[in-house]
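Q: Here is how the chains run, residue by residue.
There are 2 protein chains.
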Amino acid sequence: MSLAEQVLEGNIRAAARLMRDIDDGRPQAVDELKCLYPHTGNAYIIGITGPPGAGKSTLVDQLTASFRKQGKKVGVVAIDPTSPFTGGAILGDRIRMNRHSCDEGVFIRSLATRGALGGLSRSASDVALVMDALGMDIVIIETVGVGQDEVDIVKEAHTTCVVMVPGLGDDIQAIKAGILEIGDIFVVNKADRDGADRTARELSTMLEMRHGAAGSWNPQVMKTEAQRGAGIDELTSEILAHRDFFLSSGTIDDFLHERNQRHFISILRDTLLRKALLLLTKDGTLERVMTEMSGHHIDPYSAVEEIASKMMPDSAD
Amino acid sequence: MSLAEQVLEGNIRAAARLMRDIDDGRPQAVDELKCLYPHTGNAYIIGITGPPGAGKSTLVDQLTASFRKQGKKVGVVAIDPTSPFTGGAILGDRIRMNRHSCDEGVFIRSLATRGALGGLSRSASDVALVMDALGMDIVIIETVGVGQDEVDIVKEAHTTCVVMVPGLGDDIQAIKAGILEIGDIFVVNKADRDGADRTARELSTMLEMRHGAAGSWNPQVMKTEAQRGAGIDELTSEILAHRDFFLSSGTIDDFLHERNQRHFISILRDTLLRKALLLLTKDGTLERVMTEMSGHHIDPYSAVEEIASKMMPDSAD
Chain E
85 MSLAEQVLEG
95 NIRAAARLMR
105 DIDDGRPQAV
115 DELKCLYPHT
125 GNAYIIGITG
135 PPGAGKSTLV
145 DQLTASFRKQ
155 GKKVGVVAID
165 PTSPFTGGAI
175 LGDRIRMNRH
185 SCDEGVFIRS
195 LATRGALGGL
205 SRSASDVALV
215 MDALGMDIVI
225 IETVGVGQDE
235 VDIVKEAHTT
245 CVVMVPGLGD
255 DIQAIKAGIL
265 EIGDIFVVNK
275 ADRDGADRTA
285 RELSTMLEMR
295 HGAAGSWNPQ
305 VMKTEAQRGA
315 GIDELTSEIL
325 AHRDFFLSSG
335 TIDDFLHERN
345 QRHFISILRD
355 TLLRKALLLL
365 TKDGTLERVM
375 TEMSGHHIDP
385 YSAVEEIASK
395 MMPDSAD
Chain F
85 MSLAEQVLEG
95 NIRAAARLMR
105 DIDDGRPQAV
115 DELKCLYPHT
125 GNAYIIGITG
135 PPGAGKSTLV
145 DQLTASFRKQ
155 GKKVGVVAID
165 PTSPFTGGAI
175 LGDRIRMNRH
185 SCDEGVFIRS
195 LATRGALGGL
205 SRSASDVALV
215 MDALGMDIVI
225 IETVGVGQDE
235 VDIVKEAHTT
245 CVVMVPGLGD
255 DIQAIKAGIL
265 EIGDIFVVNK
275 ADRDGADRTA
285 RELSTMLEMR
295 HGAAGSWNPQ
305 VMKTEAQRGA
315 GIDELTSEIL
325 AHRDFFLSSG
335 TIDDFLHERN
345 QRHFISILRD
355 TLLRKALLLL
365 TKDGTLERVM
375 TEMSGHHIDP
385 YSAVEEIASK
395 MMPDSAD
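Chains as they are written, first to last, in my numbering: chain E, 85 to 401; chain F, 85 to 401.
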């Protein structure tokens with residue numbers, strides 16, 4: 085039985101194995117994903133993002149417990165900020181959410197970029213796909229909200245929660261202004277800290293200044309203390325309210341179209357590059373170009389132009 | 085006279101104009117970059133990275149002043165964390181480093197990703213190239229040290245300084261462990277704060293545990309209070325010490341080879357994708373595939389496989 089077939093039967097070990105293959109960029113993982121694809125689209129994906137130190141992991145832990153109480157199976161994809169550097173997740177699966185470790189309805193996976201050509205967002209969406217196929221009702225993707233990779237990851241989610249925390253200084257204020265655009269729900273965590281009310285008020289004011297189209301979703305600012313579980317039930321309800329809106333308002337069609345297009349383009353880009361590099365290595369072109377560039381005999385733009393028009397001569401440009 | 089020629093004559097307005105064209109992803113910018121390329125490689129590139137709130141902007145401001153005192157021309161490329169979200173830099177050029185605004189030897193540029201296909205790291209390296217061609221002796225690239233984009237940016241630098249700050253919580257500890265690998269110099273900024281000595285000690289201990297090859301650079305931990313200028317001269321000296329090591333140890337050859345290869349591959353990837361999308365849009369393939377994906381009749385992996393083997397039939401895979 086293929087890995088994909090085992091995953092569709094709910095085999096958690098097979099899912100873990102497939103995710104490892106995805107992480108390692110093994111070509112056969114693609115064949116398994118192809119088999120899984122028609123069986124996906126059932127999980128509801130929640131994105132959790134925000135600056136380092138906002139308490140996102142604890143919040144995700146509490147949300148997981150809350151959805152479990154409702155009988156939902158929960159998958160968690162945690163993107164650790166260390167990943168790009170170390171090729172491994174320091175706040176790894178092992179030390180995450182110990183209390184769910186014996187619960188078969190919870191599947192947790194920390195993600196690293198490692199060699200993956202498509203980068204973090206491709207890996208994250210592939211892993212979410214496997215969790216979907218495995219039968220998870222909810223998939224939570226947790227990431228640190230800075231950088232294009234992270235924005236791309238959050239785009240995979242149906243509902244995005246942006247987690248803020250009082251008193252992190254000026255840079256954070258700037259980030260805050262930026263992420264208004266991607267949040268469906270805003271959370272001020274560590275709400276017992278000084279300045280929590282001010283942070284919540286500032287966020288609300290900024291959200292009010294946003295011009296939402298008539299009939300569009302109106303993001304709320306929620307307060308939580310994830311450490312002791314305060315505000316979690318309210319947050320869960322708000323997430324479900326956004327889901328109901330999302331599924332009934334027609335937003336879902338645009339969302340799925342954009343997502344399909346993004347996946348297609350990202351896979352196309354990586355595949356073309358892989359094929360091209362194979363060709364260029366084989367016939368010695370890559371080595372020749374590198375030597376010419378070292379000697380400043382050619383610039384990379386001209387080199388690429390020449391090569392690309394040979395490779396795709398039918399192009400109209 | 086072309087923009088490139090004007091830049092080579094030291095025309096700052098022409099440089100600003102070209103950088104805007106790069107940011108906007110205009111095709112003609114590539115032609116200008118081709119002309120500039122043979123005239124670059126003279127600037128020394130310093131990367132400054134670290135978590136939000138570490139005081140990087142202030143530190144960069146002080147370093148700029150310090151290099152100016154030595155008569156060096158300084159370019160600054162500031163990557164603002166807001167950029168991916170807003171398409172513009174909130175902590176923009178205007179409010180940055182006002183005190184250098186009348187100094188012709190300082191050129192500051194904030195960067196946004198906007199539409200740039202190649203992403204932030206390509207834009208940053210292109211802008212640094214323009215500053216190099218403009219005759220800047222030092223180019224400082226400042227970025228927030230989380231995410232693959234930021235790591236790629238830092239790879240452009242000859243010397244990378246990682247800026248930490250005392251007491252930012254657990255997530256930061258994890259980041260810290262990861263960025264050990266990319267730092268040539270470590271800076272504990274806001275060194276007057278509680279816990280500064282401990283943070284510096286922890287960093288030193290972690291660095292000692294790293295197995296550096298014989299004859300390799302030995303990163304130091306420096307303490308600064310950028311706000312009042314303390315420790316800046318020491319930091320500048322350490323950067324110059326690393327530069328001397330870098331230029332004399334043969335590291336520079338590997339560095340340049342890797343950089344050339346990275347630039348070539350990144351440009352190749354974007355060019356191939358652009359050409360392919362043009363073709364697929366023109367002959368209606370893209371629309372057909374999107375419709376088939378919506379109906380779950382095809383998965384993106386199979387769709388790409390079919391298209392790519394038609395486009396590059398000579399490939400060996």
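Watch out, some of these pointers could steer you wrong.
Identical chains blur together in the list; that is why a pair holds if it fits in one copy or across any two.
No farther apart than 25 Å at their CA atoms in a straight line, the calculated lysine to aspartate or glutamate pairs in the DMTMM-like style are these [what the hints assert, rightly or not]:
id	residue 1	residue 2
1	Lys239	Glu292
2	Lys307	Asp338
3	Lys394	Asp108
4	Lys307	Asp276
5	Lys239	Glu371
6	Lys366	Asp354
Simulated from the structure, these hints should not be mistaken for laboratory data.
Q: Which hints from the list above does the structure break, by number from lowest to highest?
A: Result: hints 2 and 3 break, sorted rising.
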